[in-house]
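Required output: the full structure, derived from the provided sequences and hints.
Protein chains: 2
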Amino acid sequence: MADADHRAGAGTTSAGTGASLVPAGAPPAYHRLLERLGQVSDLRAAASLLNWDEEVNMPPGGAAARAEQKATISRLAHQAFTAPEVGEWLDELSGWEAQLDPESDAAALLRVTRRDYERSRRVPPDLVAELARASSQGYQAWMEARSQRRFAPFAPALARLVELRRQLADALGYPEEPYDALLEGHEPGMRTRQVRELFARLKEGLVPLVQAIAERQDRVRDDFLHGDFPDADQWELTLEALRAIGFDFQRGRQDRSVHPFTAGLAAGDVRLTTRIFPDVFGPALFSSLHEGGHGLYEQGFPAAWHRTPLAEAASSAVHESQSRLWENVIGRSREFWTFFFPKVQARFPRQLEGVDAEAMYRAVNRSRPSLIRVEADEVTYNLHIMLRFELELALLGGDLPVDELPGAWREKTLAYLGLEPADDVEGVLQDIHWSWGGFGYFPSYALGNLIALQLWEAALRDEPALPERIARGDLRGVLEWMREHVHRNGARWEPLELVRRVTGAELSEEPFLRYVRRKYGELYGL
Amino acid sequence: MADADHRAGAGTTSAGTGASLVPAGAPPAYHRLLERLGQVSDLRAAASLLNWDEEVNMPPGGAAARAEQKATISRLAHQAFTAPEVGEWLDELSGWEAQLDPESDAAALLRVTRRDYERSRRVPPDLVAELARASSQGYQAWMEARSQRRFAPFAPALARLVELRRQLADALGYPEEPYDALLEGHEPGMRTRQVRELFARLKEGLVPLVQAIAERQDRVRDDFLHGDFPDADQWELTLEALRAIGFDFQRGRQDRSVHPFTAGLAAGDVRLTTRIFPDVFGPALFSSLHEGGHGLYEQGFPAAWHRTPLAEAASSAVHESQSRLWENVIGRSREFWTFFFPKVQARFPRQLEGVDAEAMYRAVNRSRPSLIRVEADEVTYNLHIMLRFELELALLGGDLPVDELPGAWREKTLAYLGLEPADDVEGVLQDIHWSWGGFGYFPSYALGNLIALQLWEAALRDEPALPERIARGDLRGVLEWMREHVHRNGARWEPLELVRRVTGAELSEEPFLRYVRRKYGELYGL
Numbered sequence: 001m002a003d004a005d006h007r008a009g010a011g012t013t014s015a016g017t018g019a020s021l022v023p024a025g026a027p028p029a030y031h032r033l034l035e036r037l038g039q040v041s042d043l044r045a046a047a048s049l050l051n052w053d054e055e056v057n058m059p060p061g062g063a064a065a066r067a068e069q070k071a072t073i074s075r076l077a078h079q080a081f082t083a084p085e086v087g088e089w090l091d092e093l094s095g096w097e098a099q100l101d102p103e104s105d106a107a108a109l110l111r112v113t114r115r116d117y118e119r120s121r122r123v124p125p126d127l128v129a130e131l132a133r134a135s136s137q138g139y140q141a142w143m144e145a146r147s148q149r150r151f152a153p154f155a156p157a158l159a160r161l162v163e164l165r166r167q168l169a170d171a172l173g174y175p176e177e178p179y180d181a182l183l184e185g186h187e188p189g190m191r192t193r194q195v196r197e198l199f200a201r202l203k204e205g206l207v208p209l210v211q212a213i214a215e216r217q218d219r220v221r222d223d224f225l226h227g228d229f230p231d232a233d234q235w236e237l238t239l240e241a242l243r244a245i246g247f248d249f250q251r252g253r254q255d256r257s258v259h260p261f262t263a264g265l266a267a268g269d270v271r272l273t274t275r276i277f278p279d280v281f282g283p284a285l286f287s288s289l290h291e292g293g294h295g296l297y298e299q300g301f302p303a304a305w306h307r308t309p310l311a312e313a314a315s316s317a318v319h320e321s322q323s324r325l326w327e328n329v330i331g332r333s334r335e336f337w338t339f340f341f342p343k344v345q346a347r348f349p350r351q352l353e354g355v356d357a358e359a360m361y362r363a364v365n366r367s368r369p370s371l372i373r374v375e376a377d378e379v380t381y382n383l384h385i386m387l388r389f390e391l392e393l394a395l396l397g398g399d400l401p402v403d404e405l406p407g408a409w410r411e412k413t414l415a416y417l418g419l420e421p422a423d424d425v426e427g428v429l430q431d432i433h434w435s436w437g438g439f440g441y442f443p444s445y446a447l448g449n450l451i452a453l454q455l456w457e458a459a460l461r462d463e464p465a466l467p468e469r470i471a472r473g474d475l476r477g478v479l480e481w482m483r484e485h486v487h488r489n490g491a492r493w494e495p496l497e498l499v500r501r502v503t504g505a506e507l508s509e510e511p512f513l514r515y516v517r518r519k520y521g522e523l524y525g526l
Numbered sequence: 001m002a003d004a005d006h007r008a009g010a011g012t013t014s015a016g017t018g019a020s021l022v023p024a025g026a027p028p029a030y031h032r033l034l035e036r037l038g039q040v041s042d043l044r045a046a047a048s049l050l051n052w053d054e055e056v057n058m059p060p061g062g063a064a065a066r067a068e069q070k071a072t073i074s075r076l077a078h079q080a081f082t083a084p085e086v087g088e089w090l091d092e093l094s095g096w097e098a099q100l101d102p103e104s105d106a107a108a109l110l111r112v113t114r115r116d117y118e119r120s121r122r123v124p125p126d127l128v129a130e131l132a133r134a135s136s137q138g139y140q141a142w143m144e145a146r147s148q149r150r151f152a153p154f155a156p157a158l159a160r161l162v163e164l165r166r167q168l169a170d171a172l173g174y175p176e177e178p179y180d181a182l183l184e185g186h187e188p189g190m191r192t193r194q195v196r197e198l199f200a201r202l203k204e205g206l207v208p209l210v211q212a213i214a215e216r217q218d219r220v221r222d223d224f225l226h227g228d229f230p231d232a233d234q235w236e237l238t239l240e241a242l243r244a245i246g247f248d249f250q251r252g253r254q255d256r257s258v259h260p261f262t263a264g265l266a267a268g269d270v271r272l273t274t275r276i277f278p279d280v281f282g283p284a285l286f287s288s289l290h291e292g293g294h295g296l297y298e299q300g301f302p303a304a305w306h307r308t309p310l311a312e313a314a315s316s317a318v319h320e321s322q323s324r325l326w327e328n329v330i331g332r333s334r335e336f337w338t339f340f341f342p343k344v345q346a347r348f349p350r351q352l353e354g355v356d357a358e359a360m361y362r363a364v365n366r367s368r369p370s371l372i373r374v375e376a377d378e379v380t381y382n383l384h385i386m387l388r389f390e391l392e393l394a395l396l397g398g399d400l401p402v403d404e405l406p407g408a409w410r411e412k413t414l415a416y417l418g419l420e421p422a423d424d425v426e427g428v429l430q431d432i433h434w435s436w437g438g439f440g441y442f443p444s445y446a447l448g449n450l451i452a453l454q455l456w457e458a459a460l461r462d463e464p465a466l467p468e469r470i471a472r473g474d475l476r477g478v479l480e481w482m483r484e485h486v487h488r489n490g491a492r493w494e495p496l497e498l499v500r501r502v503t504g505a506e507l508s509e510e511p512f513l514r515y516v517r518r519k520y521g522e523l524y525g526l
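Just so you know, the protein sequences line up as chains E and U, in that order. Residues 1 to 526 (the UniProt record's numbering) are what the first sequence spells out, left to right. Residues 1 to 526 (the UniProt record's numbering) are what the second sequence spells out, left to right.
What the hints contain is simulated information worked out from the structure, not anything from laboratory work. Quick reminder that beta carbons are idealized off the backbone N, C-alpha and C, glycines included. Possibly wrong hints are sitting among the right ones.
To be verified - Computed footprint of chain E on chain U, listed as stretches where at least three residues anywhere in the stretch have a Cβ under 8 Å from a Cβ of chain E:
#, segment
1, 59–65
2, 69–82
3, 238–251
Written out as structure tokens, the structure is:
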């Protein structure tokens, strides 16, 4: 059974044995630290379950109590992690740490813990409280603005959030520019300068490609994906796809929620959600593959690192690299549809009459500039991200007054995608992230795409037969490679270091550009 | 809509407004105490969700991590409640408390908090740890004994648990006898002596009744309840029944689990579970009505008491009074079946061909001595409890050596029920409670039955038309009475005080005996 193989794989990594996490003769402070980290991990898992349950199961009447429960548990987790004694243990351990092999698990654990502890201690509690208030007000204002379909009601709250995030950046400190401080929260060790340079080259490659595709829209049809695709059949197909990619249902489950997400309560308990639209085939399946990619990563953290910060993703971008790999690089590949199309057609023989695997492959890869990020295809998606990144930089740098944001949004949308939003809901109000001041997160989405392709090129170098195996329905090779090179390393290395070690090269936009040029060049006859 | 009415009813009690819980001029220590109690309540709700999810949703791979998460959250809740500063606040508040109206919400809150705090502080942490270890070992030994179908492998662990529970009773202190200390944990303010006296009179009334029924088994047939009753139809009927009794699905839900239970995360979020056997009609429905009764109680706590120990049941027996009321007094009444039978027959026309409401009423009330407590009918059930209570007293009092327990069990089973267990799984090993040393809990089950009937007599005195309304499918009157007299009082009064205030009399076995004599006298022509 594929499931059994994958399950065994998760426990048999060479890294992350109990012995290497707790070396013989570890000082008492190290044991105390581990105990505390375990407690923090338990609290975060409880918070994660409270959140998952809220989206999946909670009756409406539970909302008020749930908000209080989440706030209490999160506060206790924060307090437990940032308590002064944690700093004292870290201080006590610095001599011992210096003698450890830097490649050892214990050294990695202390490095990651120290980094997170120091960052969390730099933020004054008053600013934390002020940010929480402003986020809540921002969300209210954003909702109101959306209901009016215009930006103005959101502007004052957003201005306050920009101001507070600047203060946060100052409190955290930064090596080169304020945005670094916010980026660091998602991509440890990465600099804004590096993102800017990557994105500039990426944009240079993408804009002409997007324009060329836009001019040849008649080359790919996807009309047969719209019709009557009953919920129950789509649901079964999402489960089939998850089993095919190796998601272990003994250590996870799938449910439904309005916005799909993944909650990793532990490597043995990973929850995915999806959303089904019965009038279109595609969104539910690709959403499940996306969350399934996140879920495989979470299921792949070494058991010996359980309840430590090493049993986490290296970064948001690395997490996203896994979801985008399975959703797009695998899930939208010709090889995937070679083996998966018959399963889909068996469930929808009438709806897909006259359609074959090749037609399906083309349909699910239809590319077209669009206004809404979450509906964007893999070519245009990164342009949505760059636009947001550039605007965040301008806002935080003070180069763009908040009032001018909608205009700047329109300009860039026209320049990158050739489109104009009809109103602000189709434009600057479309994402929830800014409503709570979540600047610094968007880059991870595009970086994830770049990492996915750089990893994929490395995997193909190691095992050129992977595509053939996929076409036969055997996806184990892909998972095994990711387990070995990505999952089992958890948060041991910072994202750029992980990419360097695993692929032998610095993070680059080139693999991604090579991929989209080849794939979409063929699809659109460019 | 009935649901809307019930929902409104829950919030419009005269007791428990915010103003009465926090009187003008309340000292700072009182506010600090409320905040802490809120935090403890949040942690307990999280623990409750972790537990509910484990039974309902968790994939098998989550078990190990879940045990750690539950232990951490429970420990933090205990630490937060028993912290020295809580005692200091209570001390500081004693002068202010003395001036409060003893009937006020604030006085009730302080009384309940002080009681629980003092009790929890009396147990030495070493004993807590030792009990946790012994409980875990006891459960293992009990499982092993069950697999061997003999008591002996469980005996040493049980002896250790008896010894530790005696130590616990000594640590807690007791007014009259050691068992009082354990009983107090479930039935605050009640004495073993009172239970002994109630049960002696109850037994005197029940044993001849049970014998008379056993001799006339041919009077009631229930063969048509066994057959093909598809899961989906039974599930829908449990939901119909829950809607009929007024369970509010905006503030709760029903799921499935191996052992049905109720988890009240908040008055606005109450989770029931049930279990369906597709070859028999009855167990699932009555299980849902039972848990639904617990659920209605939890949904009826005043909103203003949210996150305080007042928004809890008065005791385990009072909780059980609500579940048994809806399961048996209402759910097994002729009036209930007058309106509910057509709904059942509509789903199972073939299976219930030739059956009418009266036949169904008789079938679901078939009484018969049996060996297994959880399968017992409402007449014989209390005898199972008394047997356990008597054995617990003898064990803890040192009058019965653990090795002689199986023999004593057999003797009493023969004397009370006229039956002999084939082996210890059918006898002394059948309940999980003793496996973790849970002495002092069984009495609550029978006390709940007595309270249910005493409340029901009082409700009928107030509103003699309640049965007619039930026969028409209008169960709101019952719920409204319970809301007003029981639910809205939460844990304000100790159980005996609640019974006295609500019914105007001391708790007595007489209403219950009147009920079973009349009902079963008629059913069995006695």
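Counting residues of the segment 69–82 of chain U with a beta carbon closer than 8 Å to any beta carbon of chain E, are there 3 or more?
holds (count 5)
Are there at least three residues in the segment 238–251 of chain U whose beta carbon sits under 8 Å from a beta carbon of chain E?
Satisfied; 4 residues make the cut.
Per the coverage rule (Cβ-Cβ under 8 Å, at least three residues), is the segment 59–65 of chain U covered by chain E?
holds (count 7)
Hint compliance for this structure: every hint is met.
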